[in-house]
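Enquirer: From first to last, the protein sequence lines stand for chains A and B.
In case it helps, my numbering puts the first sequence at residues 334 to 574.
In case it helps, my numbering puts the second sequence at residues 389 to 593.
Don't read these hints as lab results, they were simulated from the structure.
Possibly wrong hints are sitting among the right ones.
Some chain B residues flagged as far from chain A (calculated, every beta-carbon gap over 10 Å) [said to hold, decoys possible]:
no., residue
1, P393
2, R437
3, E474
4, I496
5, G512
6, R527
Reference listing, derived: stretches of chain B covered by chain A, where coverage requires no fewer than 3 residues with Cβ under 8 Å from a Cβ of chain A [to be verified]:
no., stretch
7, 463-471
8, 500-507
9, 540-546
A few chain B residues facing chain A, derived, Cβ under 7 Å [what the hints assert, rightly or not]:
no., residue
10, T431
11, A566
12, V575
Backbone N, C-alpha and C fix where the C-beta goes; we use that ideal spot for every residue, glycine too.
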Amino acid sequence: MRPDAEFFPRDPADHPPAYSPVYKSSVLRSPRFPLLSLQNSLSEVTGPVFGATDIGPLDHDLILNYVQSGEPIGERVIIHGRLLDGEGRGLGGMLIELWQANAGGRYRHALDTYLAPIDPNFGGCGRTITDAEGNYSFRTIKPGPYPFRNRVNDWRPAHIHFSLFGSGFAQRLITQMYFEGDPLIAHDAIIATMPDPALRDRLTAKLDLKASVPLDTLAYRFDMVLRGRRQTRFENKLQGS
Amino acid sequence: MDYLPETPSQTAGPYVHIGLIPRQAGFEIFVNNLGERMVTDATRGERIRIEGRIFDGAGSLVRDALVEVWQADAHGRHNHPADVQEGAAHDPAFHGWGRAGTDFATGIWAFDTIKPGAVEGRSGRGRMAPHVSLWIVARGINLGLSTRMYFGDEAAANEADPVLNLIDPARRGTIIAARGGRDGAVVYSFDIRLQGEGETVFLDI
Chain A
334 MRPDAEFFPR DPADHPPAYS PVYKSSVLRS PRFPLLSLQN SLSEVTGPVF
384 GATDIGPLDH DLILNYVQSG EPIGERVIIH GRLLDGEGRG LGGMLIELWQ
434 ANAGGRYRHA LDTYLAPIDP NFGGCGRTIT DAEGNYSFRT IKPGPYPFRN
484 RVNDWRPAHI HFSLFGSGFA QRLITQMYFE GDPLIAHDAI IATMPDPALR
534 DRLTAKLDLK ASVPLDTLAY RFDMVLRGRR QTRFENKLQG S
Chain B
389 MDYLPETPSQ TAGPYVHIGL IPRQAGFEIF VNNLGERMVT DATRGERIRI
439 EGRIFDGAGS LVRDALVEVW QADAHGRHNH PADVQEGAAH DPAFHGWGRA
489 GTDFATGIWA FDTIKPGAVE GRSGRGRMAP HVSLWIVARG INLGLSTRMY
539 FGDEAAANEA DPVLNLIDPA RRGTIIAARG GRDGAVVYSF DIRLQGEGET
589 VFLDI
């Protein structure tokens, strides 16, 4: 393995601790032993590579990708931004997947029993491949808040789950995006796993009026950062793949 | 110098299936369900099944997790430009990556794949014993958990493996899977314990 293929180490201060009692589900699902620190080998600096042919032309458009009899109900929004490494370079050719509740806060999922109705025209998932500069864009319906079983009166703020691939398996990341100005952000137990306000801010998409489509769709901007490699030769090779 | 901090992780939550394996959530939406099938008739190597369950700190089954695997092909090559090992090219009929959910009823996750070959170690001198990398996310897991699964029938290679040798011998066995069989197929059983007695060794990679 070329030594410069490895990733900069992860900083635990950038993430919520595994054991975060405010979010009760973490109490029994967090390791007690410290993680074993491992310098990267080929198993970590390599990872699955995806290309435009892996996904469909409407996969990034949640307004259209599950249409049965018409378009889904709710606020039409564009979520867009860039996928970057720690040195601010765009990561091109990377797979981004997302999923979310519908406008009423209900998931299309066998185990979601919230009383808000399923929207027959909304699947709630999408995916895209970043362009050569790391840009991505989705079109969707703004998800609604919903209650969840933690404390009795806990509600999730509107949020979208993001799943990110870099070019190495060590970069694999799942996160959640919140919407600027949502009053539930201050009360959410899952956001509270990040006591540092700087981390919360990094997960809050900002209203982006200039990227909105007048008379049609509002836009929010959300940039994401994955760990970088000591050099970028491999990302360059992957672009356009 | 200032670097941009990595985006904070958040739990995948209980509905991760919608985004990553929508069929398990209960609907069809994508033509290509990524990571669903790892092996075709053209793939080289010994067919194996890797399966297991996940337990929490109270010993209860975790039924809402998602597991991803990443591995080398039968000759120890990765389908990736950063793999610059000398020797045979990677198997074009093997991507090396898969994803599966734990079953909502039984808690079992499984991958039908091939047994990987040994891979050159970080130093370039020794070889790492055959292994697959695993990544586990679920409700209650704030940052995806990384580990490796080694093969119980590779005793000599495991003994020389640079990663296994970093682990207290008392815990090494938590990431070595026993080889077994069922109906003529090879099955490696790999239960994962998130916390407590027999806790799986998780890696900060």
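Enquirer: For every hint, state whether the structure bears it out.
Expert: Going through the hints against the structure:
1. Against the 10 Å criterion, P393 (chain B) falls within the reach of chain A, whose nearest CB is about 5 Å from its own CB.
2. Under the 10 Å C-beta cut-off, the non-interface status given to R437 (chain B) relative to chain A holds; the minimum distance is some 20 Å.
3. Consistency note on E474 (chain B): stated as away from chain A, and its beta-carbon is indeed over 10 Å from all of that chain's, at 12 Å minimum.
4. No Cβ of chain A approaches the Cβ of I496 (chain B) within 10 Å, the least distance being about 17 Å, so the stated non-interface status holds.
5. For G512 (chain B), the condition that its CB be more than 10 Å from all CB atoms of chain A is violated, with the nearest at approximately 7 Å.
6. A Cβ of chain A approaches the Cβ of R527 (chain B) within 10 Å, the least distance being about 5 Å, so the stated non-interface status is violated.
7. For the stretch 463-471 of chain B, the stated coverage by chain A holds: 6 residues have a C-beta nearer than 8 Å to a C-beta of that chain, and at least 3 were required.
8. Here's how the stretch 500-507 of chain B fares: 1 of its residues keep a CB closer than 8 Å to some CB of chain A, so the rule of at least three is not met and the hint is violated.
9. With 0 residues carrying a beta carbon less than 8 Å from a beta carbon of chain A, the stretch 540-546 of chain B misses the three-residue requirement, and the given coverage is violated.
10. Evaluation of the T431 (chain B) hint against chain A yields a violated restraint, the C-beta minimum of about 15 Å exceeding 7 Å.
11. For A566 (chain B), the suggested interface contact is broken, since its CB lies about 21 Å from the closest CB of chain A, more than 7 Å.
12. Proximity of V575 (chain B) to chain A is violated relative to the hint, the smallest CB-CB distance being about 23 Å (cut-off 7 Å).
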